[in-house]
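Kindly generate the complete structure, drawing on both the sequences and the hints.
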Amino acid sequence: MIDFYLNGQRQQCADISPDTSALELLRVYLGKTGTKEGCASGDCGACTVAVGEPDGSGGLAYHNANACIMPAHQLSGCHVVTVEGLARGDALHPVQAAMVDCHGSQCGFCTPGIIMSLFTLHEGQRHQPAPLTQERLESALGGNLCRCTGYRPIRDAALRMGDYPDTHPTWADDPDLPRNVETLSTDATRMSQSAPEAATGYTAPRDLAALREVRRQQPDARLVAGGTDLWLEVTQQLKSLDEVVDIREVTELNGIEETPHGWWVGAAVTFRRLEPLFTEHYPAFAHLMHRFASSQIRNRATMGGNVANASPIGDTPPVLLALGARLALDGPEGEREIPIDAFFLDYKQTALKAGEFIRAIFLPHLADRQLKVWKLSKRREDDISAVLAAFSWRLDNGVMKDVRLAYGGMAAIPRRALQAEAALEGQSPSRAAFEAARAALRHEFQPLDDVRGSSEYRLVAAANLLERLRLMLEKETSHDNNTTEICLDAYAH
Amino acid sequence: MRTLTELSRDSAHARQEQIGQNKGDGPLARDTESGTSQGSAGHSAAHESAIKHVTGRAAYIDDLPAPADALHVAIGFSPVAHGRLTRLDLDKVRHAPGVIDVITIVDVPGHTDIGPVFPGDPIFVDDEISYLGQSVFAVAATSYKAARLAVRLAVVEIDEQPIQLDPIAAAEAGDVVRPTHVQQSGDWQQALDSAPHVLEREQFVGGQEHFYLEGQACLVTPTEDEGVTVFTSNQHPSETQKLVAEVINVPFHAVTVETRRMGGGFGGKETQASSWACIAALFARRTGRAIRLRLPRAEDTRATGKRHPFHNRYRLGFDNQGVLIGGDITIIGDCGYSPDLSEAIVDRAMFHADNAYSLGDARVTGHRARTNTASNTAFRGFGGPQGMMIIEAAMDDIARHIGEDPLTVRKRNLYRAGRDVTHYGQSVDQHSLILEIIERLEASSDYWKRRKAIIEFNARSPIVKKGLALTPVKFGISFTAKHLNQAGALLHVYTDGSVMINHGGTEMGQGLHTKVCQVVARELGLDLAQVRITATRTDKVPNTSPTAASSGADLNGMAARDAASQIRERLFDFAAEHYAIDREGMMMENGDLVAFNRRIPWGELVQAAYLSRISLSAKGFYSTPLIHYDRNTGKGRPFYYFAHGAAAAEVEVDTLSGEYRLTRVDILHDVGDSLNPAIDMGQVEGGFIQGMGWLTTEELKWNAQGRLLSDGPATYKIPAFGDLPPEFNVELLQGHPNSQASIYRSKAVGEPPFMLGISVWSALCDALASLVDYRQAPRLDTPATPERVLMAAEALRQSPAFAPSVETSDDLA
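Chains as they are written, first to last, in full-length UniProt numbering: chain R, 1 to 493; chain S, 1 to 813.
Derived by calculation from the structure, the hints in this document are not laboratory data. Hints are supplied without guarantee of correctness; some may be wrong.
Partial pick of chain R residues on the chain S-facing surface, computed with a CB cut under 10 Å [claimed, not checked]:
{"#": "1", "residue": "G38"}
{"#": "2", "residue": "L232"}
{"#": "3", "residue": "D382"}
{"#": "4", "residue": "R458"}
Think about it this way: if two alpha-carbon atoms lie no more than 25 Å apart in a straight line, the pair counts; the simulated SDA-like pairs of lysine to any residue are [as the list claims (entries may be wrong)]:
{"#": "5", "chain 1": "S", "residue 1": "K52", "chain 2": "R", "residue 2": "G162"}
{"#": "6", "chain 1": "S", "residue 1": "K52", "chain 2": "R", "residue 2": "R222"}
{"#": "7", "chain 1": "S", "residue 1": "K701", "chain 2": "R", "residue 2": "S311"}
{"#": "8", "chain 1": "R", "residue 1": "K239", "chain 2": "S", "residue 2": "P296"}
{"#": "9", "chain 1": "R", "residue 1": "K475", "chain 2": "S", "residue 2": "R707"}
{"#": "10", "chain 1": "R", "residue 1": "K348", "chain 2": "S", "residue 2": "R707"}
{"#": "11", "chain 1": "S", "residue 1": "K145", "chain 2": "R", "residue 2": "G162"}
Label-pair ranges, simulated between beta-carbon atoms [claimed, not checked]:
{"#": "12", "chain 1": "R", "residue 1": "Q349", "chain 2": "S", "residue 2": "P162", "range": "51 to 61 Å"}
{"#": "13", "chain 1": "R", "residue 1": "D402", "chain 2": "S", "residue 2": "K92", "range": "58 to 68 Å"}
{"#": "14", "chain 1": "R", "residue 1": "Q128", "chain 2": "S", "residue 2": "V155", "range": "32 to 42 Å"}
{"#": "15", "chain 1": "S", "residue 1": "E128", "chain 2": "R", "residue 2": "T279", "range": "54 to 64 Å"}
{"#": "16", "chain 1": "R", "residue 1": "D90", "chain 2": "S", "residue 2": "E128", "range": "50 to 60 Å"}
Glycine is no exception: its CB is placed at the ideal position from the N, C-alpha and C atoms.
Right under this line is the structure:
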């Protein structure tokens with residue numbers, strides 16, 4: 001049973017197969033066709049809905065999500081708002097009125113998704129007003145493609161929506177809604193563990209013990225957290241997922257704990273929740289997050305999923321390699337801890353044994369180390385890397401120490417450039433040392449030609465990013481912090 | 001520093017005010033002042049579906065309700081690009097769960113070739129397979145997933161043949177889908193021989209996927225007669241009606257095609273929406289059930305044609321001032337496997353190989369190469385953008401060669417008195433307007449001041465280089481197939497005074513229906529709210545042309561005006577007699593018929609006319625005058641008029657990584673007297689960004705087996721929100737009505753702004769040229785992805801002309 005609220009109305013949907021998407025549930029089972037399917041791969045945002053969850057202080061916090069790649073069962077215990085749920089009779093919601101007045105729709109097909117992304121931004125502004133900077137707008141709307149307008153009127157609508165009287169949707173009149181949703185979310189979790197629910201094939205254990213147990217019982221079941229990659233197998237490859245284990249509710253996988261040497265981040269922690277940590281302690285990582293997928297994806301996806309997925313072009317693994325992260329694995333044969341360097345074995349092959357899962361990821365403190373993360377892709381936002389470089393080092397009396405140079409997109413797995421590291425280790429950041437490091441790259445990588453870039457481009461670019469690093473270090477040593485002449489602010493920090 | 005909020009809030013308000021001031025109405029679209037009819041032509045009325053868009057009530061094909069027993073279709077596509085089908089065993093498909101019917105070419109009772117203009121597009125593969133993604137068979141099942149899963153059970157055996165993916169090799173081998181065409185003016189060879197300077201270049205201009213957000217989709221229901229009703233996301237309902245009728249072998253009147261709106265078209269649903277409707281219609285007749293068909297994104301992208309990639313070459317002679325004397329331009333359009341619309345598309349590329357410049361004595365040759373890809377098709381600009389790219393490259397090259405700024409060379413080459421006839425013989429009557437647009441933009445964008453600042457910046461900046469370019473657009477308006485330049489409209493006035501207008505054009509977001517309603521409201525002096533438009537249907541207005549070639553408002557607006565003015569004149573006649581008032585000086589204004597000292601309210605007038613048995617319905621018609629083109633001589637006046645514009649773009653490029661940002665864009669665009677400034681502004685801005693995407697991030701890549709690798713938004717990158725330039729100043733040119741008698745002297749706006757995006761490409765070239773002190777232009781094929789920009793920078797650094805700025809480390813040289 002998927003038990004949730006939709007635009008203020010309770011919905012109870014029984015006998016929904018575990019691989020049903022939220023979009024399918026809305027459009028096919030519930031006949032709510034306002035939400036559109038543009039790509040069924042989480043890339044265009046036409047299917048964007050707002051998902052409201054208890055905010056811990058008696059209200060509901062809304063985030064935008066791609067319904068096309070969201071498991072329908074994850075709607076349980078949520079308040080879902082769709083484009084049909086915003087107007088109050090004939091009175092448009094401020095984001096709708098602003099979009100009409102700014103001529104923000106042309107063909108209108110992407111519009112429902114844009115409305116919902118604007119709605120979550122508007123909700124955010126209502127609770128915590130802050131200037132709508134370009135960065136914030138890009139972050140909020142980067143996952144919504146529009147082919148007609150060129151976005152200018154949409155930007156205007158975002159900037160003007162705050163000028164309109166804050167009409168509330170009808171469902172906002174119900175003071176009990178947040179409490180009812182909270183009650184439901186607790187019930188939903190409890191019910192999903194009960195035996196009848198297991199019969200539908202979708203299981204959502206609540207703690208580590210239950211997760212271990214279900215892993216023992218269903219070793220072949222697919223694990224899902226955000227589902228932002230797994231669900232592509234359903235929508236693009238038409239795979240049937242008969243048994244799905246949802247780890248989002250597992251308490252032990254949801255923590256962010258600081259230790260004397262770093263942080264343990266639970267495998268089910270979303271990127272959205274990691275943002276404050278990154279911003280404060282790993283600014284280069286935080287900067288990457290602006291270009292990591294889209295708001296809709298960051299709200300659902302997890303670092304654990306990005307690592308376990310083991311894609312050679314995943315954005316976080318090179319960063320974790322450069323940081324020297326460690327992984328806590330858990331499974332039927334107990335717990336173990338491995339360095340991330342030992343995790344990626346071959347293309348999409350990892351050190352995980354049958355039934356094993358990632359419990360947490362350890363991020364060491366940067367301390368006196370420095371970190372740079374540079375991503376190259378065709379489009380700045382919501383694109384997959386052609387090459388991603390993550391460099392970490394510390395300067396000890398003008399000499400580079402503990403140099404770790406990790407690349408994505410250069411091999412079948414995210415990998416460190418060990419020869420290039422050796423060329424820099426113990427050296428001053430001289431032209432000669434970097435020249436040697438750049439030359440070494442050609443020996444240790446034979447990247448592919450593919451849709452995102454040619455092998456030659458990847459080799460040249462990977463080497464040039466080392467040159468960028470040298471130029472930056474040169475600036476640093478000359479106490480000149482103006483980097484506007486050696487890289488673009490929008491890409492490199 | 002001010003935040004973007006402050007910056008853009010100002011610009012947003014300023015823009016709204018500008019839109020308002022254009023026609024003297026208020027700051028918001030819906031706040032038109034009294035005194036003129038609200039929202040009639042010339043006003044920034046909101047899109048007629050705007051409120052439906054933002055509330056989710058606007059229905060697209062897959063949102064339409066269908067009977068519970070409706071079937072879903074999936075297509076079996078060819079897995080290889082070229083070969084002969086030797087075995088097709090569909091037994092397992094037929095027996096798959098949920099499957100009701102399976103069809104191949106042998107199940108087609110009527111025509112099997114659905115080529116829109118020329119034959120060559122089989123509805124299903126018969127014997128020869130021509131591209132990867134061609135339809136081989138189709139399945140109808142009880143659910144979308146069941147149909148898609150069943151398709152995978154087919155046993156297909158193919159005798160694979162060598163594939164051709166290289167249009168140059170195809171053209172050289174004479175493997176073309178249509179004959180080569182040549183346009184020529186004067187003695188081009190003599191011009192080359194006598195010119196003091198001659199340059200030549202080759203360029204590759206990439207194609208473009210339409211990426212309409214709503215994919216190809218239709219819903220077909222059988223009628224109680226022998227026909228079907230087709231609901232389709234479609235730019236050309238009449239052609240789909242014809243093809244469906246021919247395929248299921250019934251008269252055209254047995255087929256009705258309806259299109260309420262498209263979730264984007266851009267040319268991709270002009271010819272390429274029909275085959276899906278034909279397949280669904282076959283199933284509807286065979287099963288007697290409603291049929292839903294929509295293509296999943298990846299299948300849509302692989303199966304349907306795109307903007308043609310082009311290989312262009314020029315060899316041009318010019319004088320010491322950089323003014324063209326003449327020469328030779330050859331363009332090769334990569335047409336894919338069949339003609340589709342490629343005859344006219346390559347023609348239009350040839351018609352625009354001059355853009356805004358007089359070529360002198362020139363020959364332009366256009367080849368239509370056949371390759372083993374989907375049949376490339378219409379896409380906003382229809383070959384024009386690809387043709388313009390070669391002459392814009394030439395302008396940059398000439399400027400570098402003679403050491404002048406590219407803008408200077410562009411201005412010197414503009415059409416002007418004495419040099420005002422194109423290479424195909426049409427004279428350019430508004431040539432002074434192009435210069436005026438450029439000069440105004442030159443001033444408003446501060447071109448020369450910024451040029452100086454950029455040169456200074458680049459001289460000291462080792463890696464990051466800035467670039468600036470100002471490029472014009474001159475785009476010919478009319479279908480080059482003369483017979484398509486006609487339109488019909490049907491107008492009904494009901495007895496409560498409400499008005500219904502229908503016409504042959506389709507709504508794909510461009511605001512056509514809004515503009516047509518505004519035309520009717522203006523003709524009848526009514527509030528826009530009293531005029532409604534419903535779905536485009538072939539049983540309301542027959543034998544229509546595609547909504548394409550930017551012609552929608554020009555043609556259908558005129559037809560609607562014709563219908564409305566017939567009604568108005570009829571009511572004037574009636575009123576003169578019925579109320580015994582003088583017909584002279586009668587007007588329709590603010591919902592009244594006004595005659596000297598009398599005002600007769602519209603509702604009362606309509607009632608009286610009805611009771612007096614006056615017809616309150618009219619059909620309108622329009623055909624564009626003056627146009628002609630003789631393909632035998634390559635001469636004529638193919639265009640009723642030209643639309644113009646210019647854009648100035650500034651970029652900054654990281655020459656170490658190839659990354660770049662568009663930092664500022666200024667646009668001045670000519671729409672004549674605008675029918676709706678807000679909608680036109682939307683076309684200008686949206687067209688510019690789409691053109692920029694074509695030339696920058698949107699890259700189509702096929703593997704050696706002919707499989708399109710960039711088959712969805714994960715790999716094919718259209719511009720996103722952050723690609724919008726932070727400073728984007730767009731203005732519509734004021735005070736220059738169309739020189740031709742178009743609808744209220746407006747100009748077509750759908751396609752022309754697309755080519756303003758060329759300024760971004762030229763600005764990237766400008767930034768790169770700074771690496772060699774502006775002494776040579778880079779070879780920067782398109783799309784100019786970060787990869788291409790980086791590789792172009794690397795190539796320039798290897799050039800003898802490489803001029804490192806002071807701080808550049810020499811190990812990059």
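Subject >> Contradicted hints - numbers only >> reply: 6, 9, 11, 12, 14
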